[in-house]
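So the sequence lines, in the order shown, correspond to chains A and B.
Per numbering that gives the first Met the number 0, the first sequence starts with residue 0, numbered consecutively.
Per numbering that gives the first Met the number 0, the second sequence starts with residue 0, numbered consecutively.
For the record, the hints were derived by calculation from the structure and aren't laboratory data.
The structure presented is a predicted model; accordingly, all values stated were derived computationally and were not measured.
It cannot be assumed that every hint is accurate.
As the list claims (entries may be wrong) - So the derived label-pair ranges between C-beta atoms look like this:
hint, chain 1, residue 1, chain 2, residue 2, range
1, A, R495, B, I195, 55 to 63 Å
2, B, A123, A, S626, 29 to 37 Å
3, A, F623, B, G109, 48 to 56 Å
4, B, I191, A, R495, 56 to 64 Å
5, B, L154, A, H543, 50 to 58 Å
6, A, L197, B, L154, 32 to 40 Å
7, B, L154, A, L129, 24 to 32 Å
8, B, A157, A, F135, 36 to 44 Å
Glycine residues also receive a C-beta, built at the ideal position from the N, C-alpha and C atoms.
Now for the letters of each chain:
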Amino acid sequence: MATIAAPAGQRSGLLARPIAPTGVWSWLTTVDHKRIGILYGTTAFVFLLIGGLEALLMRTQLAVPNGRLVGPEEFNSLFTMHGTTMIFLVVMPLSAAFFNYIVPLQIGARDVAFPRLNAFSYWVFLSGALLMHFSFIAQSVPNMGWFAYANLTEKTFSPTPAVDYWVVGLQVLGVGSLAAGFNFLVTILQLRAPGMSLMRMPLFTWTTFVTSILIVLAFPVITVALIELMFDRLFGTLFFNTSGLNGDPIVWQHLFWVFGHPEVYILILPAMGIVSEIIPVFSRKPLFGYPFMVYAVASIGFLSFTVWAHHMFTTGLGPIATAFFAASTMLIAVPTGIKIFNWASTLWGGSISLTTPMLCALGFVTMFTIGGITGVMHASPPVDTQHQDTYFVVAHFHYVLFGGSIFALFGGIYYWWPKITGRFLGESLGKLQFWLMFIGFNLTFGPMHFLGVDGMPRRIYTYPDGLGWNLWNIVATIGAYTIGVAIIVFITNVIRSMRNGEIAGADPWDGMTLEWTIPSPPPHYNFETIPTVHGRDPLWLQKHPQLDGHGPGGQAAPATAMQHAEQEGGHEHPHMPDPSYWPLFAALGLLVAGAGILMTASSTGYTMLVVTGVGLFILLVGIFGWSLEPVNG
Amino acid sequence: MQIVATAPPVHQPPPTHVAETTNGLNNRKVLMWTFLGSDCMFFGALIGTYLIYRGKWLGHPVPTDVFDIPYTSVSAFALLMSSLAMVLALAAIQRGDTRRLQIWLLVTAGLGLVFVGGQIYEFATFGHEGLNLAVNTGGTTFFVLTGFHGTHVSLGIAWLLSLWVLAKRGVITQERSLDVEIAGLYWHFVDIVWIIIFTVVYLIPI
Chain A
0 MATIAAPAGQ RSGLLARPIA PTGVWSWLTT VDHKRIGILY GTTAFVFLLI
50 GGLEALLMRT QLAVPNGRLV GPEEFNSLFT MHGTTMIFLV VMPLSAAFFN
100 YIVPLQIGAR DVAFPRLNAF SYWVFLSGAL LMHFSFIAQS VPNMGWFAYA
150 NLTEKTFSPT PAVDYWVVGL QVLGVGSLAA GFNFLVTILQ LRAPGMSLMR
200 MPLFTWTTFV TSILIVLAFP VITVALIELM FDRLFGTLFF NTSGLNGDPI
250 VWQHLFWVFG HPEVYILILP AMGIVSEIIP VFSRKPLFGY PFMVYAVASI
300 GFLSFTVWAH HMFTTGLGPI ATAFFAASTM LIAVPTGIKI FNWASTLWGG
350 SISLTTPMLC ALGFVTMFTI GGITGVMHAS PPVDTQHQDT YFVVAHFHYV
400 LFGGSIFALF GGIYYWWPKI TGRFLGESLG KLQFWLMFIG FNLTFGPMHF
450 LGVDGMPRRI YTYPDGLGWN LWNIVATIGA YTIGVAIIVF ITNVIRSMRN
500 GEIAGADPWD GMTLEWTIPS PPPHYNFETI PTVHGRDPLW LQKHPQLDGH
550 GPGGQAAPAT AMQHAEQEGG HEHPHMPDPS YWPLFAALGL LVAGAGILMT
600 ASSTGYTMLV VTGVGLFILL VGIFGWSLEP VNG
Chain B
0 MQIVATAPPV HQPPPTHVAE TTNGLNNRKV LMWTFLGSDC MFFGALIGTY
50 LIYRGKWLGH PVPTDVFDIP YTSVSAFALL MSSLAMVLAL AAIQRGDTRR
100 LQIWLLVTAG LGLVFVGGQI YEFATFGHEG LNLAVNTGGT TFFVLTGFHG
150 THVSLGIAWL LSLWVLAKRG VITQERSLDV EIAGLYWHFV DIVWIIIFTV
200 VYLIPI
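Same shape as in the complex, but just chain A (with noise of 0.2 Å):
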């Protein structure tokens, strides 16, 4: 009703803005945070569906010796875009898939701090994906692994523009990431409800949070390491070149591991935040020992930074350098187990209920764990040189961020698909694809730690036979079809669900936290009424009075933890913000910019340049349309 009364204000700006609630524009043009989740969240699953079809194939042709599925050159382009994929266009939008739907609801607020910027996000990581998988229509699909060492990148040994589609395409990535990280650490500062102070946050939001500042301090290097890239490929710069005139490749590691180790923990972080909201709601226990979780959490963010150059071990960096990194990356292992000890006693002596997320959450732990272990052996110099370039490392990797990462995503689907869809998802099949998501993984990269030590390196295309491997690699490729079986079964579920699911309710799970006060799916402003938080875990809390006294605020304890305040609307709706264009429209200025890159790097020619000047002009256009909109409609 609002909209139609408001027609005058609305003109100051390039475009009014878009108001219908329904159809595609409104997808397009939306600034709500659970519909950029859920974009996130979609288009990320079809990213697994690519990345795991790219994996099945590898595993076909390392299933017998001398495979002849796909040459040499087909094989690097497919770890290199496997690899790319799984981190920058699965495992990083799934997590801020969920940042964007639960974090706002967690803390209770409306929406992110900045919505506008949010859509952009969501509309830039969409360019860079697309840019990147260009390549495969203009077949040259990147091929130099995944963080792409120097000098194999220089123009000298990769003539095509293959490595091209990776610098822009991840470039563009970079920016969507580094508008979503201030956007959270915005709204997490900003935004929360009254009486939810630092220590009260759950510890998702916890999680978002740091993962936010690694992202803010991470990413700014890559895209510095990928300027300087593009210039030794687009104007002949010296950066990496060796070609007689100093430059010098290892600098290209630096660059890229001060910014890809913290990488690692912006993909585990979220994940671990995860599985700290599930394991305390099905033991029915508050979250042990929170605050050290918390610590834990933030000293693993700093120390993040301080380990990169175990990544370089056998690059000589010298004795001191490498005592030095090596003691930092064990001293990353303590706040590590001290969160695997705190979910451990969490479960300890709680009422424990098997259900789908909560076996997604223990197989998280457990997995974890054995990653976490081999992860501390390569701490070690000596050890680390013996496992360079093996199998043994991508078996380390992998139970690390798949039998971590997307095992806690998984975990958080099937905990959050009832509030996100307000249906459940089938408990049995989605206990079968659990199980047979285990088995497979286990089965997959289980072996991999033996084909390691047995000395078979990573990133060959084939082996022959008679070298001992041949047992190994016949079960990784049973347990990575058992895999796909799994991910099928998860569709079968998601369709069963959105057709004729289980109704949940506000609070299916017995919850603990703001975001099962709300109905499911949550109405459009989220909350009627902004709550008053007075102490950890504030549903629980409400729930069981009893309990309180167990969190900061307790002293004053109130006859129920959480109370509605006032608003001054009253029973009206509160206004939220209009969906608006610019996002998607400056998105794509440099969707058109990052193309007309390509084309420069692809051929020599104006038109190329042009292409690259309009989309920068879209880009200015769409930013100061942006700024001249009327801030609320």
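Using the hints provided, position chain B relative to the given structure of chain A.
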């Protein structure tokens, strides 16, 4: 001292329609501070790359062969003075003086343009003397580091001029002085970065 009985409510905040935030800080201001923190890492990585190669340049000319420190000092001085003009612009609009706001915004942008113009001339001169992006790692790291700083200054100038247009049209009022303050944060940051770059790249001898 008889103010106690009749003291008016001194600390009453001005009426505002902006939603309350947890910390009472403005969202956009916190956003700018987080962005500046992030930009520190951006320049940190660029300066780091410069330092790694510093003094290990092969062939000539290298940057130290062609530097004209008195010339660059002048343009650096212009940039530093622009920060003063920026402060005066913000002070003007906080007093509600839109006319002086416009003047000082133009002065700030103008001094910024002096700096960028000086940099373009400097780059051209260095180019004539044989230092370019591809001659050695000295040229590579020098031009990319200072070039990206110049890009930051140029974006700042565009921002200041946009504010100037808005101020001329009467959009920037005393209540919206925050718009000027946030641009000022960015502008001062870019200045401070130049102090570091100028010291590290030009002044400290190898």
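Each hint tested on the structure:
1. Against the hinted window of 55 to 63 Å, the Cβ-Cβ separation of A/R495 and B/I195 comes to about 60 Å, which satisfies the hint.
2. Between B/A123 and A/S626 the C-beta distance comes to about 34 Å, which sits within the given range of 29 to 37 Å.
3. Checked against the given bound of 48 to 56 Å, the beta carbons of A/F623 and B/G109, roughly 22 Å apart, lie outside it.
4. Taking the beta carbon of each, B/I191 and A/R495 are about 59 Å apart, inside 56 to 64 Å as hinted.
5. Taking the beta carbon of each, B/L154 and A/H543 are about 54 Å apart, inside 50 to 58 Å as hinted.
6. The supplied range of 32 to 40 Å is met by A/L197 and B/L154, whose beta-carbon atoms lie about 34 Å from each other.
7. Distance hint check: the CB atoms of B/L154 and A/L129 are about 26 Å apart, consistent with the given range 24 to 32 Å.
8. Between B/A157 and A/F135 the beta carbon distance is about 37 Å. The supplied range of 36 to 44 Å therefore holds.
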